[in-house]
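*Asks:* Here is how the chains run, residue by residue.
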Amino acid sequence: MSLARATLLHEWRRFLPGLLSVAFAGVLMLVQLGLLLGMFGTVTVLVDRSDANLWVTSPETESFDQSRDIPANLGALLRLHPAVARSETLLVHDADWRSGDDTRVAVTLVGLTPAADALACPQPMRAALCAKLAEPSAVVIDRGEADKLHTGVGRLGEVNGHRVRVVGLSEGLRSIGNTYVFASSQTARYLSEPPATGEDLTTFVLAKARSDAPEAVRDDLQALLHRPAYRIWTDREFSYNSQRWWLTESGVGAGFLFSSLLGLIIGTVITSQTLRGVILSTLREYATFRAIGVPAAKLSAVVLEQSLWIGALGALLTVLVSVLANALAQALYVPLVLTWWAVLAAVLIGLITAVISGLLALRELYRLQPAELLR
Amino acid sequence: MSRDPSTASISATGLVHGYGKGAARTPVLHQLSLQFWPGELTLMMGASGSGKSTLLAILSGLLRPESGAVRVLDTPLWNLGARELERFRFRHCGYVFQNFNLFPALTAIEQVALPLDFGGVHKTQARQRAVIALEEVGLGTRMNLRPAQLSGGEKQRVAIARALIGSPQILFADEPTSALDSANSEIVIALLQKIARTHGATVITVTHDPRLTRHAERIIRLQDGMVIEDTLEAPRPGPLLAGAAPAAGHAPPAQPHPNSTGDFL
Ligand SMILES: Nc1ncnc2c1ncn2[C@@H]1O[C@H](COP(=O)(O)OP(=O)(O)OP(=O)(O)O)[C@@H](O)[C@H]1O
Ligand SMILES: [Mg+2]
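Those protein sequences? They're chains C and G, same order as listed. Under our numbering, the first residue of the first sequence carries the number 20, and numbering increases by one thereafter. Under our numbering, the first residue of the second sequence carries the number 9, and numbering increases by one thereafter.
These are calculated hints, taken from the structure and not from any lab test. Even glycine gets a Cβ: it sits at the ideal position worked out from N, Cα and C. Watch out, some of these pointers could steer you wrong.
[To be verified] Residues from chain G that face chain C, not an exhaustive set, calculated with beta carbons under 8 Å: (1) Ala65; (2) Arg95; (3) Phe98; (4) Tyr103; (5) Asn109; (6) Pro112; (7) Leu122; (8) Asp182; (9) Met234.
With these hints in hand, go ahead and build the complete structure from the sequences.
*Replies:* Here is the structure:
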């Protein structure tokens, strides 16, 4: 067995703090990123769960929650394209909720076509709920928001002072910052404040292009819609852009970077101190080998091998803990998103942290004066 | 054992060394010249602070003297570059220290094979040679034990086996027995002498223990950085002197060394 591994196994207690700090920094990073992605992922839950693959928004829109109203009849224009099979409108307006016991909550009113196969109908509502919205004054809220809105199935409430009835509870349609109240387009128009007159304005126009690659259709339509007035996206683009905007522009992303960096620095310091401690405890042995004429570089390789092992084991622990945290989060309905690229990045960063720590600890080896063994 | 200066394995001339600079300088070695020959165990003795370890460090290529020259195996040691010096030590020198300096994590056989591992020798060959070295120091049955499971004497023998593994022509030992009881000290010093005789190695050992003198071919006493005594010990009867030259055999006890250039009191 190599000196590096034999020492690791024999004195694993000494190495443990380094390993744990690498793992901790990794978990901190992954869980934070996972929560951010989970949180920001909810911003676009209606985009991600809808069947539409083309979205038209007002031109200044960068994120789902920012679009201003656009003409509803753009849909007719979209359908001129031979690849566009269907188009629909989606109304998203701020509103005021009041429950039977007078609890008031700011909500987001979502008006969509009340049909199971509607483009805008979110996947979890397809089975039954979208069709139920056809009843006048019917609304659906998410099970996760029922407590907040002090309501339940069959109960009555008010939106902007108009009476509504909760006809069902959806699953998994929560969003950060928005409490959605789903209604039919017609009901939503009626509930809007001020009431939307006629059918001329909506928040989004959605379409479904037959092609598997909606990008080409998007380009055609963008030319048709002359860019300054409207912006047209594929669903993936719109979702990605919205989340990126939240990550980079909202300030939360910077907070994440800062705390992750802090975790990494602490991890590096602890790991390098750990390795340094191990080197110092066997300094005489290393000095003996320097005396024999073994170059410092070969001894450094031993320390670097140890730091790589610490990095690898720490990264493994990071992955294990993160997977467990992910399972726990799913069970508790906490939106945590663990992506393979984030895990890969955490593993690499863990390895790099450990190697940098090893390099910092090497100082001790290069300072060695084997003559000091002779006293 | 020839006393011909041209056959010396180590020749030091005009060694001067001190620690500190300027007015704070403490002189340690004063114009010291000495020669050592293969096949001999030389004991270096003297009061604490007399410069024994400093001299050993200079002779063994670990400490550059302020002035003076050291030729080891016809190589002017202190003319070598740092990397060449390392390579020279790796090929020709072995070291044994007071504190054994064994890695706690390694078994005896791994400790002994380690220098060869660093030298790029194939694993199985390194192990074979480690077995031979451990058998030579009488630890054939202890090869798979770690330092924590070995006695002090056994640890020092592992360290000696580790020093032997590269077949060095020169072996340096600084107080190898001062952490050991007298029985173990005897074993260790006898082992070092056997190595000098059977391997034809030049063995220089610093010690404080007067009981060990009967195992040495030669005794050098230092005082304040100067040689005050340089004697050949009386040979013991027996077949041990194979390979030893007649000159040592005929030398009377406590005879001043013919080639030493130290001061005599
Ligand atoms: N690195 C150093 N810096 C300053 N002074 C030193 C250093 N090493 C040794 N000395 C001094 O040089 C003198 C000789 O030291 P050296 O270690 O050679 O003595 P020694 O004969 O080996 O003693 P001991 O028997 O106690 O080991 C001592 O006075 C010591 O204090
Ligand atoms: Mg000393």
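*Asks:* All hints are to be evaluated individually against the structure, with a verdict given for each.
*Replies:* Hint check results:
The criterion of a C-beta within 8 Å of any C-beta in chain C is met by Ala65 of chain G, whose closest approach is roughly 4 Å, and the hint holds. Interface hint status for Arg95 of chain G: upheld, as the beta-carbon distance to the closest one in chain C is roughly 6 Å, under 8 Å. This hint holds: Phe98 of chain G has a C-beta 3 Å from the nearest C-beta of chain C, less than the 8 Å allowed. With 8 Å as the threshold, the beta carbon of Tyr103 of chain G comes within range of chain C, its nearest partner Cβ sitting at about 5 Å, so the hint holds.
Interface hint at Asn109 of chain G: satisfied, since its Cβ lies 4 Å from the closest Cβ of chain C, which is below the 8 Å cut-off. The interface hint given for Pro112 of chain G holds, since its Cβ lies 6 Å from the closest Cβ of chain C, which is under the 8 Å cut-off. At about 6 Å, the closest approach between the beta carbon of Leu122 of chain G and any beta carbon in chain C falls short of 8 Å, and the interface hint on this residue holds. A hinted interface residue such as Asp182 of chain G counts as satisfied when its beta carbon comes closer than 8 Å to some beta carbon of chain C; here the least separation is about 5 Å, so the hint holds.
Residue-level restraint check for Met234 of chain G is violated (minimum Cβ-Cβ distance to chain C is 19 Å; threshold 8 Å).
Violated hints amount to a single one, hint 9; each of the other numbered hints is respected by the structure.
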